[in-house]
Amino acid sequence: MQSDNLVEIAGVAFGYGARPILKGINLTARRGQVVAIMGSSGCGKTTLLRLIGGQIKPGQGSVRVAGESVADLDQAGLYRLRRKMGMLFQFGALFTDMSVFDNVAFQLREHTDLPEDAIRDLVLMKLNAVGLRGAARLMPAELSGGMARRVALARAIALDPMLVMYDEPFAGLDPISLGVTGNLIRRLTDTLGLTSLLVTHDVQESLKIVDYVYFVSEGVVVAEGTANEIRASDLPYVHQFVHGEADGPVPFHYPAPAYADDLGLGQKRA
Amino acid sequence: MPTIWAWGRNVLKRALENLGNSTVQGVWRMGFATRFFLAVLMHSGTAFRRFGLTIREMYFTGVLSLIIILVSGLFVGMVLGLQGYETLQTYGSEEALGVLVALSLVRELGPVVAALLFASRAGSAITAEIGLMKATEQLSAMEMMAVDPIARVVAPRFWAGVISMPLLAALFSAMGVLGGYLVGVQLIGVDEGSFWSQMQSAVDFEQDILNGVIKSVVFGVAITAIALFEGYDAPPTAEGVSGATTRTVVTSSLAVLALDFVLTAFMFRGLN
Chain A
1 MQSDNLVEIA GVAFGYGARP ILKGINLTAR RGQVVAIMGS SGCGKTTLLR
51 LIGGQIKPGQ GSVRVAGESV ADLDQAGLYR LRRKMGMLFQ FGALFTDMSV
101 FDNVAFQLRE HTDLPEDAIR DLVLMKLNAV GLRGAARLMP AELSGGMARR
151 VALARAIALD PMLVMYDEPF AGLDPISLGV TGNLIRRLTD TLGLTSLLVT
201 HDVQESLKIV DYVYFVSEGV VVAEGTANEI RASDLPYVHQ FVHGEADGPV
251 PFHYPAPAYA DDLGLGQKRA
Chain B
1001 MPTIWAWGRN VLKRALENLG NSTVQGVWRM GFATRFFLAV LMHSGTAFRR
1051 FGLTIREMYF TGVLSLIIIL VSGLFVGMVL GLQGYETLQT YGSEEALGVL
1101 VALSLVRELG PVVAALLFAS RAGSAITAEI GLMKATEQLS AMEMMAVDPI
1151 ARVVAPRFWA GVISMPLLAA LFSAMGVLGG YLVGVQLIGV DEGSFWSQMQ
1201 SAVDFEQDIL NGVIKSVVFG VAITAIALFE GYDAPPTAEG VSGATTRTVV
1251 TSSLAVLALD FVLTAFMFRG LN
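Which chain is which? The protein sequence lines are A and B, in order. Residues in the first sequence are numbered from 1 upward in steps of one, following my numbering. Residues in the second sequence are numbered from 1001 upward in steps of one, following my numbering.
To be clear, the hints were calculated from the coordinates, so they are not data collected in a lab. Glycine included, every Cβ here is placed at the ideal spot set by N, Cα and C. There could be a bad hint or two in this list.
Quick list of simulated restraints, FRET-style, between CB atoms [claimed, not checked]:
(1) A:ASP234 <-> B:ALA1135: 39 to 47 Å
(2) B:ASN1018 <-> A:PRO236: 45 to 53 Å
(3) B:ARG1056 <-> A:ASP121: 23 to 31 Å
(4) A:GLY17 <-> B:ASN1010: 23 to 31 Å
(5) B:ASN1010 <-> A:ALA76: 50 to 58 Å
(6) B:THR1023 <-> A:ARG231: 53 to 61 Å
(7) A:ASP174 <-> B:PHE1261: 56 to 64 Å
(8) B:VAL1217 <-> A:SER41: 45 to 53 Å
Result set (SDA-like, lysine to any residue): computed pairs, CA atoms no more than 25 Å apart in a straight line [as the list claims (entries may be wrong)]:
(9) A:LYS57 <-> B:SER1140
(10) A:LYS57 <-> B:ILE1150
(11) A:LYS57 <-> B:LEU1103
(12) A:LYS57 <-> B:ARG1152
(13) A:LYS208 <-> A:ASP4
(14) A:LYS57 <-> B:THR1136
(15) A:LYS57 <-> B:ALA1146
(16) A:LYS57 <-> B:GLN1025
(17) A:LYS84 <-> A:THR191
(18) A:LYS84 <-> B:PRO1149
(19) A:LYS57 <-> B:GLU1137
(20) A:LYS23 <-> A:ALA71
(21) A:LYS84 <-> B:ALA1033
(22) A:LYS57 <-> B:SER1124
With the sequences and hints as input, model every part of the structure.
Listed below in structure tokens is the structure:
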């Protein structure tokens, strides 16, 4: 029987060199849900997506997608799994030497033998879903940041994946594009029956659309719950994050010696 | 006194550490470059199965380098005509100008100068393009779409460079001969019949032309492989890409000159 959980991360630890990034993460994403992973910049959110996509392997623990252990797959197995995944990179990562149309058609041309007529129809349908059918002939350099993100989204869903991962989908967007992107993620998840995993630090926008939230700090999950549970949470870290307070469990100051010592006031001057 | 000793010991220790570190880094990088090169060769199937991808890259690396190659070839040939005439005239053998111009170009200047120009025009562009594709996560995106960037992006560029280089060198030599003819025959007045007939009888297909082609193929492999590796290995920052572009031009130019010496030593040592 197919498991309810599409992504299962258990006890995952990972570090770049001697610097540990993740120290035992447990996380699951159920099919058909929009799940957000939140945390301050540099807490290892993007690393988690790279682990799920198999671009890096965990030091400890297991990452399973659709029941398969990602780290144990060979390249052919990994590529087979990735055809069922879509990924939206932070700034879109559109191929700059191809038009919007060719960007969305890329995977269809690489992985299917569909005739060009069918590819054209499919691409236009995907572009229509993100509201950019009229921009098919434009080059990526002619798009605004929000439009590029939407084209990248159309490209990510080109092969009708079961899982779409979004790396900071709201970063650097104006309020209108922010709302459009958020709604698109929710609508596409519901209509295409896929699972969405988004990594973000935009609390307000994501709480509007997500089913479940994980808060990651210092390499571990410090809080989790539905959007309403998170809003109502009185955990100090979650409270600081949701309300954007400058100081709290996440300190404002980078670790440093005592201020007075640094200014030479804590000791007798020579 | 002990502090000076301690200071000296520290300086020596740091110097040794740096030397060791850069040696290890250098060996590691060489190993990585070799693995990269082998991976490109092993994933070259796509570049030939979908030859359109390679043709497209040949347009960017080869066709767009044409202007600089043709103009430079013409001028190099014209200068050879002038200089050659001056020297040959001293010995009363100015009719041999055609031979001098053709042999200089076909054996040496054609492959080498065209390769140096190719390294600065196309090699730097390849490095910058691949480096920026990496910096803007386009290569990662491709990997996540289950498409191998080595097969789809790197290998077609490699073969495009390898195919373009001998063609560009041949065009450079042809333009050079034309330049030598314009200056020698049309401007100075060397006998046209002697110019062409002596050239025709002196230039040997196997010894001169074929060896020149072999040289330019080897240069094409070296330049394109270096340019692709530098781009692929570039740190994903503005500084990283600019440093990699510079390294491509410097390393591949030096590689061309060094390889030229080695190849010349093997090819022409038995010639009179």
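| said: For the hint 53 to 61 Å, verify it against the beta carbon of B:THR1023 and that of A:ARG231. | reply: 57 Å, holds
| Taking only the CA atoms, is the gap from A:LYS57 to B:THR1136 under or equal to 25 Å? | At roughly 22 Å apart (the allowed maximum being 25 Å), B:THR1136 and A:LYS57 satisfy the hint.
| query | Between A:LYS208 and A:ASP4, is the straight-line Cα distance small enough, at 25 Å or below? | reply | Given pair A:LYS208, A:ASP4 holds - Cα atoms ~23 Å apart, limit 25 Å.
| Straight-line alpha-carbon gap A:LYS57 to B:GLU1137, limit 25 Å | Holds, at roughly 19 Å.
| Does A:LYS23 pair with A:ALA71 here, judged by a C-alpha cut-off of 25 Å? | Within the cut-off at roughly 17 Å; holds.
| said: Within 23 to 31 Å: is that where the Cβ-Cβ distance between B:ARG1056 and A:ASP121 falls? | reply: 25 Å, holds
| request: Verify the proposed pairing of A:LYS57 with B:SER1140, using a straight-line Cα cut of 25 Å. | output: Holds: A:LYS57 and B:SER1140 sit about 15 Å apart, inside 25 Å.
| query | Between B:VAL1217 and A:SER41, is the Cβ distance one that fits in 45 to 53 Å? | reply | Because 49 Å falls inside the window, the suggested range holds.
| Are the Cα atoms of A:LYS57 and B:ARG1152 separated by 25 Å or less? | 24 Å, holds
| field | Holds or violated: A:LYS84 to B:ALA1033, with C-alpha atoms at most 25 Å apart | value | 32 Å, violated
| Has the given pair, A:LYS84 with A:THR191, been kept, meaning a C-alpha gap of at most 25 Å? | The hint holds at about 17 Å.
| query | Could one say that the CB atoms of A:ASP234 and B:ALA1135 fall in the range 39 to 47 Å? | reply | Holds - the Cβ-Cβ distance for A:ASP234 and B:ALA1135, about 42 Å, lies within 39 to 47 Å.
In this structure, the earlier hints numbered 11, 21, 22 are contradicted, and the remaining ones agree with it.
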